[in-house]
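Visitor: Chains as they are written, first to last, in this note's numbering: chain A, 1 to 222; chain B, 1 to 222; chain C, 1 to 222; chain D, 1 to 222.
Accuracy of the hints is not assured; some may be wrong.
Below 30 Å or equal to it, Euclidean Cα-Cα: the simulated DSSO-like pairs (lysine-lysine) are [stated by the list, open to error]:
no., chain 1, residue 1, chain 2, residue 2
1, D, K102, D, K7
2, C, K7, D, K102
3, C, K137, C, K7
4, A, K130, C, K38
Think of the hints as simulated: they come from the structure by calculation, not from any bench.
Number of protein chains: 4
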Amino acid sequence: MPDRDTKIHAMPLPPYLVPRYRGWRATTYAENKIWYRKLADEGQNPRIMAIACCDSRVNVNGVFSAETGDIFLHRNIANVVPPYLPDGDPHGTSAALEYAVKVLRVAHVIVIGHTECGGVQGCQHMCSGKAPELETKESFVGRWLDILRPGYERVAGISDETEQLRALERETVVVSLENLWEFPFVREAVEAERLSLHGLIFDIGAGTLQHYLPEEGRFVTV
Amino acid sequence: MPDRDTKIHAMPLPPYLVPRYRGWRATTYAENKIWYRKLADEGQNPRIMAIACCDSRVNVNGVFSAETGDIFLHRNIANVVPPYLPDGDPHGTSAALEYAVKVLRVAHVIVIGHTECGGVQGCQHMCSGKAPELETKESFVGRWLDILRPGYERVAGISDETEQLRALERETVVVSLENLWEFPFVREAVEAERLSLHGLIFDIGAGTLQHYLPEEGRFVTV
Amino acid sequence: MPDRDTKIHAMPLPPYLVPRYRGWRATTYAENKIWYRKLADEGQNPRIMAIACCDSRVNVNGVFSAETGDIFLHRNIANVVPPYLPDGDPHGTSAALEYAVKVLRVAHVIVIGHTECGGVQGCQHMCSGKAPELETKESFVGRWLDILRPGYERVAGISDETEQLRALERETVVVSLENLWEFPFVREAVEAERLSLHGLIFDIGAGTLQHYLPEEGRFVTV
Amino acid sequence: MPDRDTKIHAMPLPPYLVPRYRGWRATTYAENKIWYRKLADEGQNPRIMAIACCDSRVNVNGVFSAETGDIFLHRNIANVVPPYLPDGDPHGTSAALEYAVKVLRVAHVIVIGHTECGGVQGCQHMCSGKAPELETKESFVGRWLDILRPGYERVAGISDETEQLRALERETVVVSLENLWEFPFVREAVEAERLSLHGLIFDIGAGTLQHYLPEEGRFVTV
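Here chain A stands alone, though its shape is the one from the complex (with noise of 0.2 Å):
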């Protein structure tokens, strides 16, 4: 390991996660070896790339009994999709996407959004004006969730405060698949008949999924 300038922190494992991961190491992954050591040699082929909120309520393995090798997850705050933005910077979500579709060939991008959503909370409260601390240029949440203002606009008129909140918790899916549609790889894939593009609401409480039908301009529950 080569000198280090910069002090580094860090902390061993935490205690109490010690027996639980000895514990899956001699259950689960005992029973599974073969299987993660056929994907640690011949590497992932997942079917779907999905992109979810970080909400530790979310989970979308579960969800789908999805197992191991199954799901490219990309997680970031709200479930966004940044618009299409090649300016040489570093792009994590389109990163992700990239990768997805271009190396992975996946055949399913499911952005899946989700009720009780801190981060669009956040993003209601500092369109309305109630979160100045999210306005300035250093609140890295607050320029995140500027990505989401289009969604905000179009729910903007809707009195009923939490009727707006389930309204733009929706839009946020919304959003991110009118972004989707601006990459030139994720178009073309699609055109190609190679990858289709899903929206989904998961209602945390009610354990249901919604998906979106842009012919019927609304989400439906599955």
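With chain A's structure known, arrange chains B, C and D on it following the hints.
Guide: The following block gives chains B, C and D in isolation, referenced to the frame of chain A:
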């Protein structure tokens, strides 16, 4: 739902996922309904933020027997934390970090790298001049992996390619730990003993974890 | 500290525990300090209330790899839930249950019985007339185990003593589940789908768990 | 399994606990199987009885690096020992105490209070007239906390509410030590030098222990 100017491309949920989702609802959801409702009503209060790779073979929740509500999970290509750059542009990883530390006040931020990482291999190829397509302004993957160039420089002298790749995988975690320390709110929380940082490497085929011990300057098997 | 009329008998911490406590502080506490402070500042929010026996061989937190903050744990002899009796007298188990369900709003109440239970064996001896010392008014153990008499009556016909004991151990869980249902606040929470009840038997020597399935009327290995 | 007249409400083990239990069996249990079987065959022989709070943040076995078989552990709200009252009614704490001292013949009874105790705070509110809902006959929590009223009276003169709460937390231990002394079998065992009594306060956030020294009339850091 308001009018749309932009064409939206979205298909219903892929049919093969429907029975899996319905199965999840009839079993895991039904058996945990009370917990999910409580999480929806009361909000999340995760103890950990984890930053892991999008790779479909890395199942953070599985390895720690974690459940819905336990881990605030950001996943991007190569588990990168970018440098601190409050320039008013959107930075998804920095936004997730800010939300976790300042709003959720998690107790731990854990960076989890892994072996056989396609992103890290791309970085290796790019930095050694073997992947000119990643060096263009338009390559989102290339521009994202630029963040890891300081890590590459430290392992550039390793002549064996596989050995260099293994070293670079570890460096992704170290670079991210270094960058974490540049975020004022991270540093402040660590110094106030409200937050600890952790760096791990997960070996996909062997199912093992190593943690980074800065006092030894190396990764050690947990 | 105010004056005392009553003589207090108390010794310092037994010396052999001092190095163990100091070791815990220098390791587990030091590594989890951030989490413990957060728990102290924000209060507990456990997902589970467990009702287990005081027996030193039953380690509920261990079996579930649970950590500080996870389980609100009441332990009494033979994991008994007494009948609902709001007579104005102190009832420790009922108080713990009320606090867990009404104040903490836990999602699960789990009754955990175990094999080789000395309390249950005492109940068996008392109910079969072999332990007159437990039948006196002054016997706290006897009067406590009276609560399990309805369970004994159901197994009284089993002639093999060991087999009867095993059956009575299971009945302690069933009687407690029956009594739980008599508490209006438990019933209300279950009916509102805010709470679920669970009955387990832990086999100390075999290290196995069985759960009670009411639709089958029996315990089944997990 | 005999017929049931009463409806039983019970669900299977919550699914998220299943992998943790399986992990425990494959590691901790597998590595200690010989000891667990010995404990099952020979019965328990703990050296200590501990009386602690149900609070999920108080892990007595952890603090003393205790293992399966070491501590006979009774946990109730606010670590209360009620007055000696052999009236023929069930008293769970007194039963546990009697079993520990007379049957198991433990060498130590340790009462462990803790900071930030919700039960003690409830007692404070009730005794100062701020929690009328705890004063009803139907409140199990209130009637249980009545036992601590003599402790409240001693701290009633402290005007600062937080300071009063800290003092009352300590008084819960002192009241329990006083009540312990009223149990004839406890007094007899102490006088025969077969048993010693101990009072501790555990500070959750600071991870420290204090023990009560009657000759100084106060708690002193261990």
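Visitor: Return the numbers of the hints above that this structure violates; sort them in rising order.
Guide: The structure breaks only hint 1.
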